[in-house]
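Residue numbering for the sequence shown follows our numbering, starting at 141 and increasing by one per position.
Read the hints as simulated data drawn from the structure, not as lab findings.
Given the structure is predicted, the values throughout are model-derived calculations rather than measurements.
One thing to keep in mind: the hints can contain errors.
As the list claims (entries may be wrong) - When the alpha-carbon atoms are kept at most 27 Å apart in a straight line, the in silico DSS-like pairs for lysine-lysine are as follows:
no., residue 1, residue 2
1, LYS244, LYS232
2, LYS154, LYS245
3, LYS244, LYS167
4, LYS232, LYS154
5, LYS244, LYS279
6, LYS223, LYS235
7, LYS223, LYS279
8, LYS244, LYS223
9, LYS279, LYS235
10, LYS279, LYS232
11, LYS232, LYS167
12, LYS232, LYS328
Said to hold, decoys possible - Using C-beta positions, here's what the derived DEER-type ranges look like:
no., residue 1, residue 2, range
13, SER270, ALA152, 41 to 47 Å
14, LYS245, GLY277, 40 to 46 Å
15, GLY277, SER162, 36 to 42 Å
16, GLN253, HIS323, 40 to 46 Å
17, ALA152, LYS279, 24 to 30 Å
Just so you know, even glycine gets a beta-carbon here, dropped at the ideal spot from N, CA and C.
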Amino acid sequence: PFKLTGGHLPVALKSAGADSFSACTFKTLVFPEGFETFSDFAFVNCDIDRLSLPSTLHSLSFMNFDGCGIGAFDISPEHPTLKTVDGVLYTKDMKTLLMYPNGKKDPYFVVPQGVECIQACAFNDNSFLSRISLPLGLKTIGKGAFGSCGRLTAVSVPLTVENVEDYAFTDCVSLSRVSLPPHARLGKDVFDNCPLLNEGLPFEGDNGRTVSAKYSVPVKSVWESMYLMADKPDTPIPLYAAPDKNSPRLWSTAGGWNNCCRKNEQWLA
């Protein structure tokens, strides 16, 4: 793989195809004005400390960055529909948080007041966040929004939230306390494979209700492996397995990724 301190691309560049930057590492990568589109998987296994995007970008999707670690986004202030604040990508009106960099190393994040929607997969696969503050006024937590956030320990969902969509917190293996508004509509497998939610302690957040993960089982420690025996007792099926707790990345190996983010969802510019 290439390891570069910076990258400035040709001014005539209009698009980047799949695997265009596969396995590359950049300190900064700047796309020129006039650039328009990324293909899915353009940045497979790529690490970028800071990604700079132009005002001419037509569309953006989580799938463009599948397998990529990004520390911060920058986007031209002239972009008609998107903006960045402290490296996080939002719609221009700040009502939707589109993408929080999965390589951003802050352990705590406050979602700004005024955000009404957290986009599908917005925080997916971040291995650093342990706490997050969600604002009053938030209405929707999208599909897979916090999936595979391995160090996230507690979430208080505001009373204004109406929808928590499919897989929103799946594979959050350190999540032990959750508060939900009693009226919130929960999608499919919202807390799938959150083993510490089983018999979890009430979380006094918003006078909401506590939850238990449908498929979780009691464990002595989140770092231990658990097994669900198949029909044949001598054939163990791994239900949950995590790397060493000091690893920079924590995630579940159960059944592979749930594909909740593999829907080619785009945010049109």
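Here is how each hint holds up against the structure:
Distance hint between LYS244 and LYS232 is fulfilled; the C-alpha atoms sit about 21 Å from each other, no more than 27 Å. Restraint check: the Cα-Cα separation between LYS154 and LYS245 comes to about 31 Å, which exceeds 27 Å; the hinted pair is violated. With a C-alpha separation of about 13 Å, the suggested pair LYS244 and LYS167 falls inside the 27 Å cut-off, and the hint holds. Distance check on the hinted pair: LYS232 and LYS154 sit about 23 Å apart at the alpha-carbon level, within 27 Å; holds.
At roughly 25 Å between alpha-carbon atoms, LYS244 and LYS279 fall within 27 Å of each other, so this suggested pair holds. Between LYS223 and LYS235, the direct Cα distance comes to roughly 11 Å. Compliance with the 27 Å bound is thereby established for this hinted pair. Straight-line distance between C-alpha atoms of LYS223 and LYS279 comes to about 21 Å, which keeps the hinted pair within the 27 Å bound. Distance check on the hinted pair: LYS244 and LYS223 sit about 17 Å apart at the alpha-carbon level, within 27 Å; holds.
A C-alpha spacing of about 10 Å is found between LYS279 and LYS235, which places the hinted pair at or below 27 Å, so the restraint holds. Distance restraint check for LYS279 and LYS232: the Cα-Cα separation of roughly 18 Å lies within the 27 Å cut-off, and the hinted pair is therefore satisfied. Proposed proximity of LYS232 and LYS167 is supported: the alpha carbons are some 26 Å apart, at most 27 Å. A threshold of 27 Å between alpha carbons decides the hint, and for LYS232 with LYS328 the separation of about 30 Å lies outside it, so the pair is violated.
The supplied range of 41 to 47 Å is met by SER270 and ALA152, whose beta-carbon atoms lie about 44 Å from each other. A beta carbon spacing of about 27 Å between LYS245 and GLY277 contradicts the range 40 to 46 Å that was offered as a hint. Separation of GLY277 from SER162 is about 40 Å and conforms to the stated range, judged on CB atoms against 36 to 42 Å. With their beta carbons about 21 Å apart, GLN253 and HIS323 fall outside the hinted range of 40 to 46 Å.
In this structure the supplied range 24 to 30 Å is violated for ALA152 paired with LYS279, their Cβ-Cβ distance being about 42 Å.
Hints 2, 12, 14, 16, 17 from the earlier list are contradicted by this structure; the remaining hints agree with it.
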